[in-house]
Amino acid sequence: MKRILIVDDSSTARMFIRRCIEISARQETKFIEACNGLEALEEIKSLNPDVVFSDYTMPKMNGMELLEKIKASQKHKGILVFIISSAGNPALESKLLKNGAHAVLKKPISPTSLMPFVDNIFGENKNAD
Amino acid sequence: MQTENNCHDIRTSIFNATSRTFEDMTFSKVEGLKFYWGCVTIKSPCNGKLSISMPDHFIKEISQNMYSLEDTKVNEKVMLDVIAELANTIAGQFMGLHLGEGQICELGLPETGISDSVVYDEGMKLYPFKVDNGFVLIGTIIK
Chain P
1 MKRILIVDDS STARMFIRRC IEISARQETK FIEACNGLEA LEEIKSLNPD
51 VVFSDYTMPK MNGMELLEKI KASQKHKGIL VFIISSAGNP ALESKLLKNG
101 AHAVLKKPIS PTSLMPFVDN IFGENKNAD
Chain Z
130 MQTENNCHDI RTSIFNATSR TFEDMTFSKV EGLKFYWGCV TIKSPCNGKL
180 SISMPDHFIK EISQNMYSLE DTKVNEKVML DVIAELANTI AGQFMGLHLG
230 EGQICELGLP ETGISDSVVY DEGMKLYPFK VDNGFVLIGT IIK
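Chains as they are written, first to last, in this note's numbering: chain P, 1 to 129; chain Z, 130 to 272.
Just chain P, same shape as in the assembly (with noise of 0.2 Å):
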C-alpha cells in the first residue's frame, strides 16, 4: 500500500489532491495530510510516505524549504516529491527540480496531469525503509 502525503495550506485543495490521485490510482492507497511544511515534517517522520504531494506557497514553511528538508535527510531522501504551484516561474520551477523534486505541476491539476507520473508514484518503493 502506497503512504502519501498531501501537503497545502487548503483543505479544499487537499481534498482535490486526494480525489485526484485516488482516480489515477492503481492500488490501495493511504493518504495523510497536513496544512503546512512544519506539519508535513512531523507527518515524515512518524509515518514515512513514499510520495509527498506538496504546494509551493504556504505559511510557517513553503514547498522549497519542505523538499530541501526531506532531500537533506538520509532516512527520508528517497521519497517522491512533487510540487504543486498555482503561478507559474520557470527559474523556480528549475530550482525545484535542481533541489530533487520529482516534478513541478501547475494548478489545478487533474487525473489527465498525473498519467504521466503514474507509474513512478504506484511502482516499486523508493523509499529507504
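The set of hints was computed from the structure by calculation and includes no laboratory data. No residue lacks a Cβ here, since even glycine has one placed at the ideal position from N, Cα and C. Mixed in with the good hints there might be a few duds.
[What the hints assert, rightly or not] Output of the computed footprint for chain P on chain Z, the stretches with three or more beta carbons under 8 Å from beta carbons of chain P:
no.	segment
1	195–207
2	229–243
[As the list claims (entries may be wrong)] Now the in silico label distances, taken between C-beta atoms and shown as ranges:
no.	chain 1	residue 1	chain 2	residue 2	range
3	Z	Gly231	P	Pro111	22 to 30 Å
4	Z	Asn194	P	Ala91	31 to 39 Å
5	P	Gly78	Z	Leu162	47 to 55 Å
6	P	Gly123	Z	Leu238	29 to 37 Å
7	Z	Leu198	P	Thr112	16 to 24 Å
8	Z	Glu152	P	Glu28	52 to 60 Å
9	P	Thr112	Z	Thr150	47 to 55 Å
10	Z	Lys163	P	Pro59	23 to 31 Å
11	P	Asp119	Z	Ile233	29 to 37 Å
[Said to hold, decoys possible] Straight-line C-alpha distance at most 35 Å; calculated DSBU-like pairs for lysine-lysine:
no.	chain 1	residue 1	chain 2	residue 2
12	P	Lys60	Z	Lys189
13	P	Lys77	Z	Lys172
14	P	Lys60	Z	Lys202
15	P	Lys106	Z	Lys202
16	P	Lys30	P	Lys77
17	Z	Lys189	P	Lys2
18	Z	Lys202	Z	Lys158
19	Z	Lys202	P	Lys2
20	P	Lys69	P	Lys2
On the provided structure of chain P, position chain Z as indicated by the hints.
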C-alpha cells in the same frame, strides 16, 4: 458625513427601492444576497489583484458538490476555503495566460470574506460569468 447608521440605512433603502420597483413593475420578488469573496494580490511582474465574488447560495452549492463524497460538513469556514482556492487557482491561470508561457509570476496568499455588497478596488474591472445555474464576478486590476 457618512456614519455607520447611514451605511445601514443606505442598504435598507437600496433594498426597499429595488424591491418595490421589481414588485410593482415586473411582479418579481427581490431577496438580498450575501457574497463570499476571495482576493489574491499579484506581486510580480506587476502589481495587481484578482478577486472572485459569488452569492452565498451558489458557493454553498459548489462546495456541497465538491465535498459530496466527503464526511465534511459544508459550513462558512469550508465555503471560505473553497473560494480562496478558486481565487488562487484562477489568479495563477490568468497570469499564465496574460503573461504568456515561461514568464515569472508571484502571487500572495488569498484573503477571503463575506459581505452584503460586492467589494472591489477603485479601477478594478468586474467580469460577470454564468457558471451552471449561478454566476461569479471576477475582478481584476493590473497596475
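A quick look at each hint next to the structure:
Given as covered by chain P, the segment 195–207 of chain Z passes the check, having 6 residues with a CB less than 8 Å from a CB of that chain where 3 are the minimum. With 8 residues bearing a CB less than 8 Å from a CB of chain P, the segment 229–243 of chain Z meets the requirement of three and the coverage assertion stands. Gly231 (chain Z) and Pro111 (chain P) have their C-beta atoms about 26 Å apart, which keeps the hinted 22 to 30 Å range intact. Hint check: Asn194 (chain Z) to Ala91 (chain P), Cβ distance near 37 Å, so the stated range 31 to 39 Å holds.
The beta-carbon spacing between Gly78 (chain P) and Leu162 (chain Z), approximately 52 Å, falls within the hinted interval of 47 to 55 Å. As the Cβ distance of Gly123 (chain P) to Leu238 (chain Z) is approximately 35 Å, the hint placing it in 29 to 37 Å holds. Look at Leu198 (chain Z) against Thr112 (chain P): about 20 Å separates their beta carbons, and that is inside 16 to 24 Å. Our hint of 52 to 60 Å for Glu152 (chain Z) and Glu28 (chain P) holds, since their Cβ atoms are close to 58 Å apart.
Range check, Thr112 (chain P) to Thr150 (chain Z): Cβ separation about 49 Å, and the 47 to 55 Å hint holds. Taking the beta carbon of each, Lys163 (chain Z) and Pro59 (chain P) are about 27 Å apart, inside 23 to 31 Å as hinted. Under the hint 29 to 37 Å, the C-beta atoms of Asp119 (chain P) and Ile233 (chain Z), about 31 Å apart, fit the expected range. At most 35 Å may separate the alpha-carbon atoms for a hinted pair to count; Lys60 (chain P) and Lys189 (chain Z) meet this at roughly 30 Å.
With a CA separation close to 33 Å, the supplied pair Lys77 (chain P) and Lys172 (chain Z) stays within the 35 Å bound. Restraint check for Lys60 (chain P) and Lys202 (chain Z): the C-alpha separation of about 27 Å stays at or below 35 Å, so the hint holds. The suggested pairing of Lys106 (chain P) with Lys202 (chain Z) holds, with an alpha-carbon distance near 28 Å, which does not exceed 35 Å. Our distance criterion of 35 Å between C-alpha atoms is met by Lys30 (chain P) and Lys77 (chain P), whose separation comes to about 20 Å.
In summary, the hint linking Lys189 (chain Z) to Lys2 (chain P) is supported, as the alpha carbons are separated by about 34 Å, within the 35 Å threshold. Under the criterion of a C-alpha separation no larger than 35 Å, the hint pairing Lys202 (chain Z) with Lys158 (chain Z) is consistent with the structure, at around 31 Å. A distance of roughly 28 Å separates the Cα atoms of Lys202 (chain Z) and Lys2 (chain P); the hinted pair therefore holds under the 35 Å criterion. As the CA atoms of Lys69 (chain P) and Lys2 (chain P) are separated by approximately 21 Å, the hinted pair is consistent with the 35 Å bound.
Every hint, counting from the list given before, is met by this structure.
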